[in-house]
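Given the sequences, and given the hints that come with them, work out the whole structure.
So the protein sequences, as listed, match chains B, P, V, W, L, X, E, H, A and U.
All the letters of the first sequence, read from the start, carry residue numbers 1 to 99 under the working numbering.
All the letters of the second sequence, read from the start, carry residue numbers 101 to 199 under the working numbering.
All the letters of the third sequence, read from the start, carry residue numbers 201 to 299 under the working numbering.
All the letters of the fourth sequence, read from the start, carry residue numbers 301 to 399 under the working numbering.
All the letters of the fifth sequence, read from the start, carry residue numbers 401 to 499 under the working numbering.
All the letters of the sixth sequence, read from the start, carry residue numbers 501 to 599 under the working numbering.
All the letters of the seventh sequence, read from the start, carry residue numbers 601 to 699 under the working numbering.
All the letters of the eighth sequence, read from the start, carry residue numbers 701 to 799 under the working numbering.
All the letters of the ninth sequence, read from the start, carry residue numbers 801 to 899 under the working numbering.
All the letters of the tenth sequence, read from the start, carry residue numbers 901 to 999 under the working numbering.
Calculated from the structure, these hints are not laboratory results.
This structure is a prediction, so every number in the text was calculated from the model and none was measured.
Hints are not guaranteed to be accurate.
[Said to hold, decoys possible] Label pairs and their in silico Cβ distance ranges:
#1 P:ASN110 - X:GLU559: 47 to 55 angstroms
#2 V:ASN210 - A:PRO816: 25 to 33 angstroms
#3 H:ASN710 - X:GLU559: 23 to 31 angstroms
#4 H:PRO772 - X:ARG524: 30 to 38 angstroms
Just so you know, even glycine gets a beta-carbon here, dropped at the ideal spot from N, CA and C.
Number of protein chains: 10
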Amino acid sequence: MEFLVAMEVNVPHDVPADRQQRLRDAEAQRAQELAHEGVLVRLWRTPGRRANWGLWRAEDATELHAAIASLPLFPYLDVHVTPLAQHPNDPAIVATSDS
Amino acid sequence: MEFLVAMEVNVPHDVPADRQQRLRDAEAQRAQELAHEGVLVRLWRTPGRRANWGLWRAEDATELHAAIASLPLFPYLDVHVTPLAQHPNDPAIVATSDS
Amino acid sequence: MEFLVAMEVNVPHDVPADRQQRLRDAEAQRAQELAHEGVLVRLWRTPGRRANWGLWRAEDATELHAAIASLPLFPYLDVHVTPLAQHPNDPAIVATSDS
Amino acid sequence: MEFLVAMEVNVPHDVPADRQQRLRDAEAQRAQELAHEGVLVRLWRTPGRRANWGLWRAEDATELHAAIASLPLFPYLDVHVTPLAQHPNDPAIVATSDS
Amino acid sequence: MEFLVAMEVNVPHDVPADRQQRLRDAEAQRAQELAHEGVLVRLWRTPGRRANWGLWRAEDATELHAAIASLPLFPYLDVHVTPLAQHPNDPAIVATSDS
Amino acid sequence: MEFLVAMEVNVPHDVPADRQQRLRDAEAQRAQELAHEGVLVRLWRTPGRRANWGLWRAEDATELHAAIASLPLFPYLDVHVTPLAQHPNDPAIVATSDS
Amino acid sequence: MEFLVAMEVNVPHDVPADRQQRLRDAEAQRAQELAHEGVLVRLWRTPGRRANWGLWRAEDATELHAAIASLPLFPYLDVHVTPLAQHPNDPAIVATSDS
Amino acid sequence: MEFLVAMEVNVPHDVPADRQQRLRDAEAQRAQELAHEGVLVRLWRTPGRRANWGLWRAEDATELHAAIASLPLFPYLDVHVTPLAQHPNDPAIVATSDS
Amino acid sequence: MEFLVAMEVNVPHDVPADRQQRLRDAEAQRAQELAHEGVLVRLWRTPGRRANWGLWRAEDATELHAAIASLPLFPYLDVHVTPLAQHPNDPAIVATSDS
Amino acid sequence: MEFLVAMEVNVPHDVPADRQQRLRDAEAQRAQELAHEGVLVRLWRTPGRRANWGLWRAEDATELHAAIASLPLFPYLDVHVTPLAQHPNDPAIVATSDS
Numbered sequence: 001m002e003f004l005v006a007m008e009v010n011v012p013h014d015v016p017a018d019r020q021q022r023l024r025d026a027e028a029q030r031a032q033e034l035a036h037e038g039v040l041v042r043l044w045r046t047p048g049r050r051a052n053w054g055l056w057r058a059e060d061a062t063e064l065h066a067a068i069a070s071l072p073l074f075p076y077l078d079v080h081v082t083p084l085a086q087h088p089n090d091p092a093i094v095a096t097s098d099s
Numbered sequence: 101m102e103f104l105v106a107m108e109v110n111v112p113h114d115v116p117a118d119r120q121q122r123l124r125d126a127e128a129q130r131a132q133e134l135a136h137e138g139v140l141v142r143l144w145r146t147p148g149r150r151a152n153w154g155l156w157r158a159e160d161a162t163e164l165h166a167a168i169a170s171l172p173l174f175p176y177l178d179v180h181v182t183p184l185a186q187h188p189n190d191p192a193i194v195a196t197s198d199s
Numbered sequence: 201m202e203f204l205v206a207m208e209v210n211v212p213h214d215v216p217a218d219r220q221q222r223l224r225d226a227e228a229q230r231a232q233e234l235a236h237e238g239v240l241v242r243l244w245r246t247p248g249r250r251a252n253w254g255l256w257r258a259e260d261a262t263e264l265h266a267a268i269a270s271l272p273l274f275p276y277l278d279v280h281v282t283p284l285a286q287h288p289n290d291p292a293i294v295a296t297s298d299s
Numbered sequence: 301m302e303f304l305v306a307m308e309v310n311v312p313h314d315v316p317a318d319r320q321q322r323l324r325d326a327e328a329q330r331a332q333e334l335a336h337e338g339v340l341v342r343l344w345r346t347p348g349r350r351a352n353w354g355l356w357r358a359e360d361a362t363e364l365h366a367a368i369a370s371l372p373l374f375p376y377l378d379v380h381v382t383p384l385a386q387h388p389n390d391p392a393i394v395a396t397s398d399s
Numbered sequence: 401m402e403f404l405v406a407m408e409v410n411v412p413h414d415v416p417a418d419r420q421q422r423l424r425d426a427e428a429q430r431a432q433e434l435a436h437e438g439v440l441v442r443l444w445r446t447p448g449r450r451a452n453w454g455l456w457r458a459e460d461a462t463e464l465h466a467a468i469a470s471l472p473l474f475p476y477l478d479v480h481v482t483p484l485a486q487h488p489n490d491p492a493i494v495a496t497s498d499s
Numbered sequence: 501m502e503f504l505v506a507m508e509v510n511v512p513h514d515v516p517a518d519r520q521q522r523l524r525d526a527e528a529q530r531a532q533e534l535a536h537e538g539v540l541v542r543l544w545r546t547p548g549r550r551a552n553w554g555l556w557r558a559e560d561a562t563e564l565h566a567a568i569a570s571l572p573l574f575p576y577l578d579v580h581v582t583p584l585a586q587h588p589n590d591p592a593i594v595a596t597s598d599s
Numbered sequence: 601m602e603f604l605v606a607m608e609v610n611v612p613h614d615v616p617a618d619r620q621q622r623l624r625d626a627e628a629q630r631a632q633e634l635a636h637e638g639v640l641v642r643l644w645r646t647p648g649r650r651a652n653w654g655l656w657r658a659e660d661a662t663e664l665h666a667a668i669a670s671l672p673l674f675p676y677l678d679v680h681v682t683p684l685a686q687h688p689n690d691p692a693i694v695a696t697s698d699s
Numbered sequence: 701m702e703f704l705v706a707m708e709v710n711v712p713h714d715v716p717a718d719r720q721q722r723l724r725d726a727e728a729q730r731a732q733e734l735a736h737e738g739v740l741v742r743l744w745r746t747p748g749r750r751a752n753w754g755l756w757r758a759e760d761a762t763e764l765h766a767a768i769a770s771l772p773l774f775p776y777l778d779v780h781v782t783p784l785a786q787h788p789n790d791p792a793i794v795a796t797s798d799s
Numbered sequence: 801m802e803f804l805v806a807m808e809v810n811v812p813h814d815v816p817a818d819r820q821q822r823l824r825d826a827e828a829q830r831a832q833e834l835a836h837e838g839v840l841v842r843l844w845r846t847p848g849r850r851a852n853w854g855l856w857r858a859e860d861a862t863e864l865h866a867a868i869a870s871l872p873l874f875p876y877l878d879v880h881v882t883p884l885a886q887h888p889n890d891p892a893i894v895a896t897s898d899s
Numbered sequence: 901m902e903f904l905v906a907m908e909v910n911v912p913h914d915v916p917a918d919r920q921q922r923l924r925d926a927e928a929q930r931a932q933e934l935a936h937e938g939v940l941v942r943l944w945r946t947p948g949r950r951a952n953w954g955l956w957r958a959e960d961a962t963e964l965h966a967a968i969a970s971l972p973l974f975p976y977l978d979v980h981v982t983p984l985a986q987h988p989n990d991p992a993i994v995a996t997s998d999s
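Here you go:
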């Protein structure tokens, strides 16, 4: 099942710069792992904000929560999850059924 | 440039059933064309609603508007567009730069 | 997977009273079927409103949408779906794991 | 009477990790007691958030408030309560009246 | 248990004036009955609007819904219910416990 | 004139526990005085929150503000005031005019 | 007591143009009467909208409601009332107390 | 040109009481100057809040901003400005044109 | 003075297609006139919607309202106006003061 | 492509005054550079607030984000971006196509 996930990153200003950098490096590393596992499918930045939209794939909401909670920045994230159903006009489905 | 597009479909109840069906058929046809042109990339249904989320690709907002306005259901759509920027952790980018 | 589903029922005032009654009878019948299939788990009325909260169980959002769209009142419903993840303190889980 | 209760947990970042753990342990303990008393009926996690939805049962809003205020995390909770009325199509009621 | 109930009255403009008057007379009559039964405790008008705030008393949300749904204007009402718990500083309680 | 007043109490977490207790004691004392003066008519707790709904009576908004600002917790309150007009169906009025 | 009153005028499109004009004439006439009675103190147009902000003076919310409900356009108005308290820095008060 | 200006005053709790008093004294002084210059026309307190509504007069938004930014409490203000257009039924205009 | 103006166009579906076209032609004509008068400075379409953002220049809100109300589509517009003040970093100002 | 960008500036009160001044100087400098590059086209102040509206021009959202993130005040900004499409009635376009 796919989910649309919106995240705002709110690291407090008093977190030291080098710790912020380490968090961001670890975040990139974890995102790469989740991508390899097929959980994180796409990731976009919301322009002008420390925020992103992501397309995630998980068995259910429980597995999705575990994946999001595994992010090093999780304590600082404000996350909203939208469940997605298949649409008969989705190009990804149409392409498959055409072949 | 990619855009996240949320659409609500509000066909008035007094539109005859057969006209509603013709509109929906034409909509599926037009969606397929937009997919073949690479403009409509993904499409999901919002569960429980006559609504969808889509991932669209266009040169800019002007081209995107023209694509959305070409949908047969456009007069009945309530549309919100979110511009998307590239994220360095996007699996699609990472995969490309890894190879 | 479980979902929390909020529904508002907005049947237009000009739908004849007997058709409204037939719709409500068919709705009760379909709700009973969905309950027997284990899809509709609980249903509560929002006091003072033609609205309800329901606990639904489905494989994923696609199956959930099909169930909601099968309701006779679907054309008149305004539906919001909240995905639910398992909570370690859920009495239903604790009871099971205790035994 | 049943209530739908949405809770956000906002423990400040400067609360030491071990105190946070003790709070969470005490919370799980208290949740289990409330479950045994039949006050906490179901509990779900909102995916991606330190938040939950719960189905609670209490004599009235006064008794419900006492139960929620007895949670160790109460000083850090943002809580919204929705009162629930019986729905004639509720599977729990239909099942009972069918037998 | 007490409830705070906010109601907006939205009678469509095309309902004939005399039917509107009959509805309003029946509404006043029903309100008086609910007052005599101790269900409707206080009623205030929101200045400038066809809307009111009321203090209602009922066994639970199910009984409250039945009372509200018995209003002749119910098909045209937009209702929001707030559950109320006892407050230790409530003058009504303090007065009682003082005597 | 009567007013519906909603209050959220936001005492910062770093106010010492004993000072919080003294504030709450003084608040209860002041609430009792306002009740005796006929300014505070009813007070209810919003279940699950450090918040209350109150029915207040004052000559006008200026007198109401003075009463609210006299509360010891005033620096920590988030207050919203709704002005109330008499409703012809108010049981309190009907009872008086019936006698 | 003074009130800030925001009004939106929503005359349906199918009301004939000449009836709309008669309503607007009657509205101007009634506004002038309310001004002479000292109830309507100031009136401004919200630029770009069929809406206005007004400063009204009335004994209380009951008298204010009667004044607003006496407007010929009342059935088509969406009105929000804000109660106003005296401010010690109000030029109108300072001017008076200076003299 | 006239403007409706809503202000919330959010002085942090850790600003010492005597500095808060000096700020408030300076604010009253500056308000009086702006009144004498004809920029601040009326000022009301929102009951129950550290907030006010004001009627301001300035050449344009640039001059209005300079006036607001000259308030000693400006660093702690949350301000919303509504531009006002003349209304043909405004008593202030009608009175003038009648004479 | 400059204003940012957001407009939604809501022509009812039952307005005949040829009348809609005549309205749109008249709107384009009037927009061109307002541009020549220097009142309408820039105009953008909100992608996906029958809506636009415009930069307008007028003496004050009264003159702005007159300009907007002169649009043939005005009866069908939902308009929100934001007043703009000069910013010292505005390229248009900096460019002028540099020369 | 053009974008409408709304920015709120939230520099914490505990940032020393001289550092705030240096930030503001650097911000003005960077704004001037972005103007010279044709990225920042216009900038207005929201009256009464530490906030601005800007008209920006960039190849796409990715380039826009890079420009905004290059602002010295970026860590303290709350930014919302609105994508803009060309409107056939835009005076800038009409002027060009007329010549």
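Determine which of the earlier numbered hints do not hold for this structure and return their numbers in increasing order. No numbers; nothing is violated.
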